[in-house]
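Required output: the full structure, derived from the provided sequences and hints.
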Amino acid sequence: MPPALPSDSPNSPFLSQIYLWTVFYETLTFNSRQSATYNQEVLALIDTDGLTKKFGDLTAVENLSLHVDDGEVFGFLGPNGAGKTTTIRMLCCLISKTSGSAKIGGYEIGNEENALRIRKIIGLVPDNVGLYESLTAYENLDYYGTLYKRTDSQRKESNEYFLKLLGLWEKRNALAGTFSKGMKQKLAIARALVHDPEILFMDEPTANLDPEAAKTVREFILDLKKQKKTIFLNTHNLDEAQRICDRIGILNTQFMAVGTPEDLERSIHGRKTVVQLRQVNEAILEALKKLKVKNIIREGNKLTFDVMDPAEENPDVIDAIVAVGGRIETVTVTSSSLEEAYLKLVKEKIQ
Amino acid sequence: MTTWIPWKIARKELKVIGRKRSIIFYTVGLPLLIAVAFSLEIKSLTASGIPATLSLGAESIIYIFVILTTVLPSTIAAYSIVGEKIEKTLEPLLATPTTDGEILLGKGIAAFMPPILSAWLGASIFMATTDYILLNAGLGYYYFPNWNAGVMLLLLAPLAGVLSIEVAVIASSRVSDVRGANQIAGLMFIPFVLVFAAGVQGLFAFSIGNLLIFSAVVLVVDTALYFLSRATFKREEILTKWK
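Respectively, the protein sequence lines represent chains A and B. Position one of the first sequence corresponds to residue 310 (my numbering), numbered consecutively onward. Position one of the second sequence corresponds to residue 3 (my numbering), numbered consecutively onward.
Bear in mind the hints are in silico, worked out from the structure with no lab data behind them. Each hint should be verified, as a subset may be incorrect.
[As the list claims (entries may be wrong)] For the chain B half of the interface with chain A, some residues (derived, Cβ under 7 angstroms), not all of them:
#1 5
#2 10
#3 90
#4 91
#5 93
#6 94
#7 97
#8 98
#9 99
#10 100
#11 215
#12 236
#13 237
Beta carbons are placed, not taken as given, at the ideal position from N, Cα and C, and that holds for glycine.
Here is the structure:
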């Protein structure tokens with residue numbers, strides 16, 4: 310709503326004119342201000358359009374367009390060499406793009422001035438933890454705090470907070486070089502968070518960790534998710550992506566698919582219906598074929614086939630089976646797994 | 003407390019270097035060893051009076067401390083840059099809002115300070131003991147400090163140190179191990195050794211004029227190498243080509 314004219318508006322003609330012009334201006338700018346506020350609210354923290362990176366003749370990332378909203382955990386899945394790390398490096402302004410565009414927190418990548426602004430609002434957990442092994446855990450965090458120009462008290466507070474949160478406080482004076490892989494990974498995550506970044510980029514944070522350490526790191530990422538931290542997570546751990554991410558993008562140099570884990574599972578094969586019959590015969594199979602049901606697999610008296618919309622299609626399927634004398638014992642709807650979806654997409658790309 | 007980023011980087015580097023005993027022994031020990039060894043040499047030379055070649059000998063020894071400043075910083079600079087490459091600590095560092103210039107300057111300060119301070123310490127010990135020995139041998143005045151030593155230690159030595167660091171930075175971006183970078187950067191001592199040899203042979207006088215000209219030449223080379231080292235230190239190449 311534009312601002313209303315108050316009842317105590319000035320009586321003098323001159324003042325009234327000024328007042329009316331003020332109200333007019335306020336009204337004119339109201340929509341644009343509202344729009345700006347709205348845009349700010351829905352602003353994608355990561356926004357790329359046709360982002361491409363070539364190393365000589367080799368195309369590492371091709372025509373990548375994606376957006377990640379504030380507070381979203383976006384998983385980037387792909388095999389080795391798919392361009393996941395290259396993408397993160399471009400978005401963190403560590404390497405240049407070849408073409409296309411990308412904005413991080415509203416800043417366009419590609420020039421040094423914006424690169425510094427972007428690096429202030431991001432945190433990076435690289436695939437190699439990259440800790441100073443001859444410095445203590447506390448010194449590692451403190452050093453990075455100083456690089457982000459945090460004050461002494463801010464650093465002290467955040468160092469203590471993260472070291473305690475990650476169960477490393479007792480080991481704060483131990484050299485990072487003496488830490489286990491899991492502890493190092495946790496410290497690397499803490500290091501990326503010391504300046505309270507808006508966006509956290511994580512490049513395979515649980516790779517090379519034993520199951521227990523991986524679980525600890527995963528739980529910490531889930532904690533960050535609860536705190537509505539925007540996270541861009543590179544991984545080739547499908548289970549991890551499914552458990553942590555709001556949306557997943559599958560990359561194999563090019564973007565193969567993007568969506569929620571459930572969307573991806575459905576989008577590949579749709580859903581499967583499994584019908585357990587008393588007896589399968591040719592008439593039933595013919596009836597199903599007439600319904601244009603896809604990928605029918607017969608295992609004994611069990612029929613499995615693809616359906617896009619089970620609620621819409623299954624009643625017709627059941628009617629058709631019953632019409633040719635089939636006796637149905639059970640009907641189950643299943644989805645293909647994310648793993649199936651991933652493997653199919655990656656395989657398609659290779660072919 | 004200062005928030006000047008290069009100093010923050012330098013302080014961290016100094017902390018790391020301070021925990022590497024081999025670097026400490028090398029950086030501090032060598033100048034001290036030279037100071038003691040040449041003080042003993044002066045003592046033996048003056049056992050039978052003040053030699054006529056005292057000036058040449060004493061100033062040549064001060065010049066050795068200048069040579070040291072071309073060797074010692076390269077070890078630290080090479081470790082500081084190639085070490086980051088080996089420990090894979092550069093990627094998170096480059097992801098912070100620091101500029102290439104700040105990183106290079108910070109590492110340069112850390113590579114510069116310990117060697118130059120230890121060279122000055124070694125030279126001071128040598129000058130003090132030489133004065134003591136010469137006074138006892140009958141020289142009626144303090145030989146050190148003098149202008150020649152001042153130009154060598156306060157002008158030429160820092161410039162030589164900067165030269166060594168710049169070469170180490172350039173070498174570090176081309177090789178993948180500390181030793182390799184150190185060896186390339188260490189080659190910078192050759193021109194300085196040649197000047198030393200020329201001085202000992204009487205072909206070059208360690209006069210103030212000559213030393214100032216030599217310093218000016220080193221300054222020009224330092225300036226050229228500064229731009230070259232800045233051009234060499236590219237984030238993208240560091241991340242994609244450094245293995």
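We went through each hint and held it up to the structure:
1. Because the beta carbon of residue 5(B) sits about 6 angstroms from the nearest beta carbon in chain A, less than 7 angstroms, this interface hint is met.
2. Interface hint at residue 10(B): satisfied, since its Cβ lies 4 angstroms from the closest Cβ of chain A, which is below the 7 angstroms cut-off.
3. The restraint placing residue 90(B) at the interface with chain A holds, with a minimum CB-CB distance near 4 angstroms, inside the 7 angstroms limit.
4. Proximity of residue 91(B) to chain A holds as hinted, the smallest CB-CB distance being about 4 angstroms (cut-off 7 angstroms).
5. Below 7 angstroms, beta-carbon pairs count as interface contacts, and residue 93(B) has one with chain A at about 4 angstroms; its hint therefore holds.
6. Annotation: interface hint on residue 94(B) holds; nearest CB of chain A at approximately 5 angstroms, less than 7 angstroms.
7. With its C-beta approaching chain A no nearer than about 4 angstroms, residue 97(B) sits inside the 7 angstroms limit, and its interface hint holds.
8. The restraint placing residue 98(B) at the interface with chain A holds, with a minimum CB-CB distance near 4 angstroms, inside the 7 angstroms limit.
9. Given hint, residue 99(B) at the interface with chain A, holds; its Cβ is 4 angstroms from that chain's nearest Cβ, closer than 7 angstroms.
10. Proximity of residue 100(B) to chain A holds as hinted, the smallest CB-CB distance being about 6 angstroms (cut-off 7 angstroms).
11. For residue 215(B), the suggested interface contact is broken, since its CB lies about 39 angstroms from the closest CB of chain A, more than 7 angstroms.
12. Among the interface hints, the one on residue 236(B) is violated; its C-beta lies about 10 angstroms from the nearest C-beta in chain A, farther than the 7 angstroms criterion.
13. The beta carbon of residue 237(B) is positioned within 7 angstroms of a beta carbon in chain A (closest approach about 6 angstroms), and the interface hint is therefore held.
Hints 11, 12 from the earlier list are contradicted by this structure; the remaining hints agree with it.
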